[in-house]
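Residue numbers (full-length UniProt numbering), protein chains in the order written: chain A, 1 to 595; chain B, 1 to 595.
No wet-lab data here; the hints were simulated from the structure.
Hints may be right or wrong, so weigh each one.
No copy is singled out in the list; a pair is fine if it fits within one copy or between any two copies.
[Claimed, not checked] In silico DSS-like pairs for lysine-lysine, Cα to Cα no more than 27 angstroms straight-line:
id, residue 1, residue 2
1, K147, K69
2, K158, K490
3, K515, K322
4, K225, K490
5, K515, K48
6, K464, K379
7, K515, K490
8, K48, K190
9, K147, K322
10, K515, K486
11, K379, K80
12, K322, K486
Quick caveat: nothing in here was measured; it's all calculated off a predicted structure.
Protein chains: 2
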Amino acid sequence: MTYVAPVKDMLFVMNELAGLADIVAYPSYEQAGADLDLAPAVLEEAAKFNQDVLAPLNWIGDQNPSSWKDGVVTTTPGFKEAFEQFAAAGWQGVIHPTEFGGQGLPKLISTACLEMMNSANLSFALCPLLTDGAIEALLTAASPGLKDQFIPNMVAGKWTGTMNLTEPQAGSDLSLVRTRAVAQADGTYKISGTKIYITYGDHDMAENIVHLVLARTPDAPEGIKGISLFVVPKFVVNTDGSLGERNDVQCVSIEHKLGIKASPTAVLQFGDHGGAIGYLVGEENHGLEYMFVMMNAARFAVGMQGIAVAERAYQKAVQYAKDRVQSRDLAGSPGPVAIIHQPDVKRMLMTMRSYIEGSRALAYYAAAAYDAQHASPNKVSAKENQELYEFLVPIVKGFSTEMSIDVASLGVQVHGGMGFIEETGAAQYYRDARILTIYEGTTAIQANDLIGRKTVRDGGAVAKGIAQKILQTEKDLAASGSADAKAVLKQLSPAREAFETSVTYIVTHAKTDIKAVYAGSFAYLRLCGLLFSAWQMARALLAAERLLAGDPSFFDAKIATARFFAENQLPQVQALATSILEGGHSTNALAVEQF
Amino acid sequence: MTYVAPVKDMLFVMNELAGLADIVAYPSYEQAGADLDLAPAVLEEAAKFNQDVLAPLNWIGDQNPSSWKDGVVTTTPGFKEAFEQFAAAGWQGVIHPTEFGGQGLPKLISTACLEMMNSANLSFALCPLLTDGAIEALLTAASPGLKDQFIPNMVAGKWTGTMNLTEPQAGSDLSLVRTRAVAQADGTYKISGTKIYITYGDHDMAENIVHLVLARTPDAPEGIKGISLFVVPKFVVNTDGSLGERNDVQCVSIEHKLGIKASPTAVLQFGDHGGAIGYLVGEENHGLEYMFVMMNAARFAVGMQGIAVAERAYQKAVQYAKDRVQSRDLAGSPGPVAIIHQPDVKRMLMTMRSYIEGSRALAYYAAAAYDAQHASPNKVSAKENQELYEFLVPIVKGFSTEMSIDVASLGVQVHGGMGFIEETGAAQYYRDARILTIYEGTTAIQANDLIGRKTVRDGGAVAKGIAQKILQTEKDLAASGSADAKAVLKQLSPAREAFETSVTYIVTHAKTDIKAVYAGSFAYLRLCGLLFSAWQMARALLAAERLLAGDPSFFDAKIATARFFAENQLPQVQALATSILEGGHSTNALAVEQF
Chain A
1 MTYVAPVKDM
11 LFVMNELAGL
21 ADIVAYPSYE
31 QAGADLDLAP
41 AVLEEAAKFN
51 QDVLAPLNWI
61 GDQNPSSWKD
71 GVVTTTPGFK
81 EAFEQFAAAG
91 WQGVIHPTEF
101 GGQGLPKLIS
111 TACLEMMNSA
121 NLSFALCPLL
131 TDGAIEALLT
141 AASPGLKDQF
151 IPNMVAGKWT
161 GTMNLTEPQA
171 GSDLSLVRTR
181 AVAQADGTYK
191 ISGTKIYITY
201 GDHDMAENIV
211 HLVLARTPDA
221 PEGIKGISLF
231 VVPKFVVNTD
241 GSLGERNDVQ
251 CVSIEHKLGI
261 KASPTAVLQF
271 GDHGGAIGYL
281 VGEENHGLEY
291 MFVMMNAARF
301 AVGMQGIAVA
311 ERAYQKAVQY
321 AKDRVQSRDL
331 AGSPGPVAII
341 HQPDVKRMLM
351 TMRSYIEGSR
361 ALAYYAAAAY
371 DAQHASPNKV
381 SAKENQELYE
391 FLVPIVKGFS
401 TEMSIDVASL
411 GVQVHGGMGF
421 IEETGAAQYY
431 RDARILTIYE
441 GTTAIQANDL
451 IGRKTVRDGG
461 AVAKGIAQKI
471 LQTEKDLAAS
481 GSADAKAVLK
491 QLSPAREAFE
501 TSVTYIVTHA
511 KTDIKAVYAG
521 SFAYLRLCGL
531 LFSAWQMARA
541 LLAAERLLAG
551 DPSFFDAKIA
561 TARFFAENQL
571 PQVQALATSI
581 LEGGHSTNAL
591 AVEQF
Chain B
1 MTYVAPVKDM
11 LFVMNELAGL
21 ADIVAYPSYE
31 QAGADLDLAP
41 AVLEEAAKFN
51 QDVLAPLNWI
61 GDQNPSSWKD
71 GVVTTTPGFK
81 EAFEQFAAAG
91 WQGVIHPTEF
101 GGQGLPKLIS
111 TACLEMMNSA
121 NLSFALCPLL
131 TDGAIEALLT
141 AASPGLKDQF
151 IPNMVAGKWT
161 GTMNLTEPQA
171 GSDLSLVRTR
181 AVAQADGTYK
191 ISGTKIYITY
201 GDHDMAENIV
211 HLVLARTPDA
221 PEGIKGISLF
231 VVPKFVVNTD
241 GSLGERNDVQ
251 CVSIEHKLGI
261 KASPTAVLQF
271 GDHGGAIGYL
281 VGEENHGLEY
291 MFVMMNAARF
301 AVGMQGIAVA
311 ERAYQKAVQY
321 AKDRVQSRDL
331 AGSPGPVAII
341 HQPDVKRMLM
351 TMRSYIEGSR
361 ALAYYAAAAY
371 DAQHASPNKV
381 SAKENQELYE
391 FLVPIVKGFS
401 TEMSIDVASL
411 GVQVHGGMGF
421 IEETGAAQYY
431 RDARILTIYE
441 GTTAIQANDL
451 IGRKTVRDGG
461 AVAKGIAQKI
471 LQTEKDLAAS
481 GSADAKAVLK
491 QLSPAREAFE
501 TSVTYIVTHA
511 KTDIKAVYAG
521 SFAYLRLCGL
531 LFSAWQMARA
541 LLAAERLLAG
551 DPSFFDAKIA
561 TARFFAENQL
571 PQVQALATSI
581 LEGGHSTNAL
591 AVEQF
């Protein structure tokens, strides 16, 4: 078995840290049949599917990437059949509304499924991930007719979705989008232009592909306020729902990439033969706000990809460290021992493990906030949870993906020379993870979002609210009084204070010293990620102390991991705060020509 | 031009930080013709060769790796011709004794050449790098006859050298070496066994390959005290110096690797047809100590590889950041600007730049200590410099290579989506750099060496001596009184104190709490690397303030880079000290079965 889903930890986090009991009791989820028995049942099923079907295809996909010939993409052998199984079992519909054929489950539960699928096979998982985002955008903004025409088949896994944002001249800066959309007499639009980096922009796993495309109408205003969103299916859909003619969109090439090689990254050419037929989603010139719905879903999901690939890398490293016998124990052993007994190997594995558990706890906590936002009958709570979730999304995305690169790199290191040999498989995670800090908004974009829209705009209110929650955990740690709780508290309090100081600095200086503040945006995002992960681990420690007798080995390990993270990773927060408070000007000091 | 050698920075470091004037005045170097005009002349020549000949072959090598067929390795097209040019120009002999045909130049000067070659082409440079190590081992321990037979042709670049340590069951743990050496009546030995991960173990770039092989004689003691070192040439050398018959050593395969693909990594089979002819180097059972001579040379060189690949990645990222126009300036600009104007891009470039400049300064400083050790007529100074050099080698190796992975990863990030596309070339550095923390002793091995042999053994004497030197720089910063000097001092003093506290803790607890101390070995190595780099950058700042008027743009940038490093990287030292002092027990807390 190359991957074993960490179901026990997932359920622990869901139950003890993310409040699953409250969530399944919300009326809308209760109506969909959710209860406390549901999560373990769903997770066990998901574990089976992902371990047995998708995980074995991961290395095969790396060795047999998707290929392009004459405009047609052929995916890795086995992917098409796996996608059929995936669709037949209903996995695409987990989170989507029952009225369109989904299961309407909480995001908290679907997040665990998402993690498993991405641990099992990052390249494969990208296809459903993008489809999820496309469904969300259509649910938000499409007309009832468009919804009925497209969503049920997407939820069923018959059709897949894509996001078409980037163009050769417009990477992160969507104001530069040039793709044209010209209204036709019949209410449709003719779309023409070039889109690049389109994940699963063409493939052979589903009957149809539903492209969501950003484009400009001829009379649209300049910049991001003139962008509209269109549905452009690969095959036109007839009024009876059957597939009609091939639309005027061609996959002209796919990229040769460092990693996630099984997932085709397409260049799509729209309208070379008269214009692709597109359908306006929502209103003209509001495309970007609809796309943000999709992007927010996708950003959270990419954060989960980071946690997922890190978990897979960790499992592989643990296995190797247990199997590889070499060198004597430092404290003296008669013969050679497994390398997991070496302190530096433990240091690497504990670093990997604690980052994964901390970011998992934080991401699931965020997913629970999303559920409360959407399903809580209490309007005040819903609003608070929305703000909390929106604050956490750039952190889940940015922090979890940055850490995944470090964790995958440690995974290679644990393997020594073997790690550098491709056949070993550890290097694949190192290559695959490298895209995660780039797509769906680079870490810089997440960090800018966190500072600008999420911290400065409300004067730091949400941020300081989180600090208050952390303070409550500090009180709980003090009340516990155990040596472990005290050790964690010793690091958590000054870290929380450094966060508050940073927030105050950012809010105060964002207008007057904008470049220095934004020079610290990455440090601020990382500070938040470290602190909030450590906070969740502190909460986990308290829960583990309470539950210890039920499963001493598991809960002991949880306590030790929380303490390790607090003592060995959390202290970086002070350095990051120094960087935020004092390092901004030296970051910007060089003129362009001095580089 | 894909690489421009940073000659100006190299000469600045050599002259102002590493004391080149003192070194060229040592009698042995003066006799070899060294003076202050020599370094610029050599560096300019080296820059030309590496920029024009080796740099263009780097990407070609990645796309056309060395290949193996029927026991024969064919290198990347162009490598053989480039190696002929390399040999003809005398580059292999820069550091080696004039009596064997070398130029006998200081290590300080050859280090700059080494950096350039590795920036230009990491895969290519490995061949001369290993040859250098083999020459050093032979110089140290071989009989005069063996020296005369092998060294001149190696120095001339006619023959190359390899290190044969690793076996399938013996990676870092050489006590497990099983290769056999049986003495023959004629004084030679018959060698048989399997060696893996042999860099340039076979190739077509030179007439002969001189394998240095660790093996055991039948009656040798167990463990590392029973290992002997042998020369096993690919072609036996006749008494007249001509090449004789093919020796019984076969390259049975080469590895499919994550990076450095142009350099063949061979599995060598010795003695399948009766035994390969080998010549004992030095005395039986002393092989490991001779090999350490070779490894120390190679470890320093691999540290330089880290700096070199980081520099190349940095140059590429700077170029892209200047060329790529997208998004408006944060402070508001009419239209889109080059992304180098974005604060987070500056943050990434400054991080890359400051790590490179800091570790370059530290490595060159170490190289100067090596020169003083070997050439200073003052015995006390020679001894002090030997201790200093030996303390710094694991840091140069471990810290520079770990940072190279981070820097190469930032290089990908600066490119955004383009960075993940192989054709861009940024990903090659990310893949290539990944081996550097593994071969020639993993970072854990460097860190163990730094704690055990270099810190604990002398009760922290050398470490605390370095702290005193740093204290002197603090006084100089205070005397300067500039705002930049004060800002650096503010960070440097507490960092130096944290270092001293860590040294005291390590020395005090190494016996009583060995596993906790060694759990902090990586943190200690990184702490030393950060502090010493920042210290060298502080010295650079002071020199730059003195020299400012001569080249304001260059020296201004140096001052700003030193300050950036002090404010944005050096503060991590405190977190690392916490990890060393408090984090050891939680690192070791989990039992093997809890992972």
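Here is what the structure says about each hint:
1. Within a single copy, K147 and K69 get their C-alpha atoms no closer than 33 angstroms, and across copies no closer than 59 angstroms, so neither meets the 27 angstroms cut-off.
2. Proximity of K158 and K490 under a CA criterion of 27 angstroms is satisfied in neither setting, with 53 angstroms inside one chain copy and 62 angstroms between copies.
3. When the C-alpha separation of K515 and K322 is checked against a cutoff of 27 angstroms, the pair qualifies only between copies, where the shortest distance is 18 angstroms, while the shortest distance within a copy is 48 angstroms.
4. When the C-alpha separation of K225 and K490 is checked against a cutoff of 27 angstroms, the pair qualifies neither within a copy, at 49 angstroms, nor between copies, at 47 angstroms.
5. For the identical chains of this complex, K515 and K48 are neighbours neither inside a copy (50 angstroms) nor across copies (39 angstroms), given an alpha-carbon limit of 27 angstroms.
6. With identical chains, the CA atoms of K464 and K379 are at most 27 angstroms apart within one copy only, with a shortest distance of 21 angstroms there and 62 angstroms across copies.
7. Proximity of K515 and K490 under a CA criterion of 27 angstroms is satisfied inter-copy only: 23 angstroms between copies versus 33 angstroms inside one chain copy.
8. Taking the closest pair of Cα atoms, K48 and K190 never come within 27 angstroms of each other, the shortest separation being 45 angstroms inside a single copy and 55 angstroms across copies.
9. In the homo-oligomer, the alpha carbons of K147 and K322 never lie at most 27 angstroms apart, since the shortest distance is 52 angstroms inside one protomer and 44 angstroms across protomers.
10. With identical chains, the CA atoms of K515 and K486 are at most 27 angstroms apart between copies only, with a shortest distance of 23 angstroms across copies and 39 angstroms within one.
11. In the homo-oligomer, the alpha carbons of K379 and K80 never lie at most 27 angstroms apart, since the shortest distance is 44 angstroms inside one protomer and 73 angstroms across protomers.
12. In the homo-oligomer, the alpha carbons of K322 and K486 never lie at most 27 angstroms apart, since the shortest distance is 32 angstroms inside one protomer and 50 angstroms across protomers.
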